[in-house]
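*Asks:* Chains as they are written, first to last, in our numbering: chain B, 1 to 97; chain P, 1 to 490.
Treat the hints as calculated values from the structure; they're not laboratory data.
Misleading hints may appear alongside valid ones.
Restricting the straight-line Cα-Cα distance to at most 16 Å, the calculated cross-link-like pairs of lysine to aspartate or glutamate (EDC-like) are [stated by the list, open to error]:
(1) P/328 / B/66
(2) P/16 / P/60
(3) P/328 / B/59
(4) P/387 / B/59
(5) P/16 / P/48
(6) P/387 / B/52
(7) B/18 / P/60
(8) P/386 / B/52
(9) B/94 / P/57
(10) B/18 / P/237
(11) B/61 / P/353
(12) B/80 / P/85
(13) P/328 / B/52
(14) B/26 / P/349
(15) P/236 / B/66
(16) P/386 / B/59
(17) P/242 / B/59
(18) B/26 / P/353
(19) B/94 / P/335
Okay, the calculated beta carbon distance ranges per label pair [claimed, not checked]:
(20) P/353 / B/6: 17 to 27 Å
(21) P/372 / B/6: 19 to 29 Å
(22) P/369 / B/26: 57 to 67 Å
(23) B/12 / P/288: 35 to 45 Å
(24) P/285 / B/12: 53 to 63 Å
A virtual CB, placed ideally from N, CA and C, is assigned to each residue, including glycine.
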Amino acid sequence: MANIISDETIEYVGILAKLELNEAQKEAAKRDMGSMLDYIDKLGELDTDGIEPMSHVFDVKNVWREDVVTNGDDRENILKNAPGEKDGMFEVPKTFD
Amino acid sequence: MSILYLTALELSAAIKEKKYTVEDAVKAVLSRIKESDGTFNCYITVDEEGALKEAADVQEKIDNGTITGPLAGVPVAIKDNICTEGLLTTCASKILYNFVPTFSSEAVINLKNAGAVIIGKTNMDEFAMGSTTETSHFGPTKNPRNPEHVPGGSSGGSASAVAADECFFALGSDTGGSIRQPASYCGVVGMKPTYGRVSRYGLIAYGSSLDQIGPLCKDVSDCAAIMEVICSHDPKDSTSVKRDDNDFTKALVDDVKGMKIGIPRDYFKEGLDDEVRDAVLKAVDVLKEKGAVVEEFDLSLVDYAIPTYYTIAAAEASSNLERFDGIKYGYRTEEYNGLHNMYKKTRSEGFGDEVKRRIMLGSFVLSSGYYDAYYLKALKVKALIKKAFDEAFSKYDIIIGPVAPTTAPKLGESLSDPIAMYLSDIYTISVNLAGLPGMSVPCGTGKDNLPIGLQLIGDCFNEKALIRAAYAYECAGGCYHKNFGGKDGD
């Protein structure tokens, strides 16, 4: 395997991805990501100098609309899906002391 | 003949002729589900009560002439990543196990306005990440043509529900082949429309620049009729494109004289099973006999499509799936210590392995220091792939090849090696990268009664050429849904 993923890298990716991995999962993730990157490295065979990166297949421009509210107040139904709700608001864990 | 063997269009016509009521159709489907879904597991949710109520409403509207279209009264199944107001929508994930949307996706609204009756929500790979429907939190779906095999994925529940007559048609979504590949494995018709044809509003995003909703159905005429209903310009999806050529049923013409068909040599190289190759080439011969001009050519870059796709799709997935944080909806972990620990524990417990694998890869390729080497590089290769298709479509009206290298694998054989599973998408993935329309039509049966699919690929917004060729093939006695599974068909 050409790509060796270090413990630091997998730790960093865990922070970015907001995922908590135990030791066994970390080892598996290192292996999986290494072999995926080996596979993706195939793209290095292609000369892409001077090629514009293509994020959208059509030549579309930004779409604007007037800043007007068109949907109604659906707070009650939306909050029904929340794991925690208090006084008509989302309830979140304490974020600072 | 059982009502269940009718196509969507035949059923709707029979309802208008008062041979059947909408309730007959809904009850027939519900009883079929009770009989067979314990084996196949096509559905995550069946909305018996809602469907029966809707059946009465739609019947009234048909009777008083408010609804007249060709899908009026037809029971439909919806993939579980497409939001349905008031009806559980899980993406086959633990993290959304209890999510009830407060709105419906635009495609679903269009179907409801046309009088289609939603029966339930179909199983899928978790967040549409997979090729077998085995990554579902709710257990795998089995292939109705042979229950020892997978139905394909990620729209495996939708394809199976159509094949098992547990609905008359279904909606799926296709990010890298997720409609066409299960359609092929289950012997039904499936279409991935041009990017922007169908609104993505209400489709829970996986790879936003690649995702597209489309139909899975029993034949090409149904496909054209469903496309006419679900395609629309929607200001709520900024990538939705305004078109005035959504009259797809006009393309149901049994004539391919002079149609130029390109056969990419790269799609017939090693890795392709002989029985798939033979069935596809036989189908091409049928079109040739009807006057199509067939030529082989080199498409190039085929081997680069999968690494490009996984880089882009994983990057977009890592961003799209950030919203699942245990606050606004879905699962939240039981015990935690502060906000960040809650996020991490919720996501780690809520997502399955394949989803985590792609989120981590996506986070990595977008991270500072690796962005240029991986993500930007993939976007450049995407431009090259699009260019290769542009060149091909300057010479050909459509491209034809296989949908997948093999017929459906056995259950439990794919997940152990992710890259091997990704390879099953080699012929479908570049279509998404280039935003093109693609279609899968049954073209034969291989060993163990497993269906084989023919893939038709068109230039952007040229779905009509695909429908025309597929219809001509079907008229010539091409493989039809009713030919499978030992059904009597008459």
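*Asks:* Does each hint fit the structure? Answer for all of them.
*Replies:* Right, here's what the structure says about each hint:
Among the hinted pairs, residue 328 of chain P with residue 66 of chain B is inconsistent with the structure: their alpha-carbon atoms are about 27 Å apart, more than 16 Å. Annotation: proposed proximity of residue 16 of chain P to residue 60 of chain P holds, straight-line Cα distance about 12 Å (limit 16 Å). Restraint check for residue 328 of chain P and residue 59 of chain B: the C-alpha separation of about 35 Å exceeds 16 Å, so the hint is violated. This hinted pair checks out: residue 387 of chain P and residue 59 of chain B have alpha carbons roughly 14 Å apart, not beyond 16 Å.
With a C-alpha separation of about 23 Å, the suggested pairing of residue 16 of chain P with residue 48 of chain P is violated against the 16 Å cut-off. The hinted pair formed by residue 387 of chain P and residue 52 of chain B meets the criterion: a straight-line CA distance of about 12 Å does not exceed 16 Å. A distance of roughly 51 Å separates the Cα atoms of residue 18 of chain B and residue 60 of chain P; the hinted pair therefore is violated under the 16 Å criterion. Straight-line distance between C-alpha atoms of residue 386 of chain P and residue 52 of chain B comes to about 12 Å, which keeps the hinted pair within the 16 Å bound.
Taken as a hint, the residue 94 of chain B and residue 57 of chain P pair is broken in the structure, with Cα atoms around 48 Å apart against an allowance of 16 Å. Distance hint between residue 18 of chain B and residue 237 of chain P is unfulfilled; the C-alpha atoms sit about 28 Å from each other, more than 16 Å. Between the alpha carbons of residue 61 of chain B and residue 353 of chain P the distance comes to roughly 37 Å, so the proposed pair goes past 16 Å and is violated. The straight-line distance between the Cα atoms of residue 80 of chain B and residue 85 of chain P is roughly 13 Å, inside the 16 Å bound, and the hint therefore holds.
Taking the CA atoms of residue 328 of chain P and residue 52 of chain B, the gap is near 38 Å; set against the 16 Å cutoff, the hint is violated. The hinted pair formed by residue 26 of chain B and residue 349 of chain P meets the criterion: a straight-line CA distance of about 15 Å does not exceed 16 Å. Our distance criterion of 16 Å between C-alpha atoms is met by residue 236 of chain P and residue 66 of chain B, whose separation comes to about 12 Å. For the given pair, residue 386 of chain P sits about 13 Å from residue 59 of chain B by alpha-carbon distance, which is consistent with the 16 Å threshold.
Taken as a hint, the residue 242 of chain P and residue 59 of chain B pair is honoured in the structure, with Cα atoms around 14 Å apart against an allowance of 16 Å. Distance restraint check for residue 26 of chain B and residue 353 of chain P: the Cα-Cα separation of roughly 12 Å lies within the 16 Å cut-off, and the hinted pair is therefore satisfied. This hinted pair checks out: residue 94 of chain B and residue 335 of chain P have alpha carbons roughly 13 Å apart, not beyond 16 Å. Under the hint 17 to 27 Å, the C-beta atoms of residue 353 of chain P and residue 6 of chain B, about 21 Å apart, fit the expected range.
Checked against the given bound of 19 to 29 Å, the beta carbons of residue 372 of chain P and residue 6 of chain B, roughly 20 Å apart, stay inside it. Between residue 369 of chain P and residue 26 of chain B the beta carbon distance is about 20 Å. The supplied range of 57 to 67 Å is therefore violated. Range check, residue 12 of chain B to residue 288 of chain P: Cβ separation about 56 Å, and the 35 to 45 Å hint is violated. Separation of residue 285 of chain P from residue 12 of chain B is about 55 Å and conforms to the stated range, judged on CB atoms against 53 to 63 Å.
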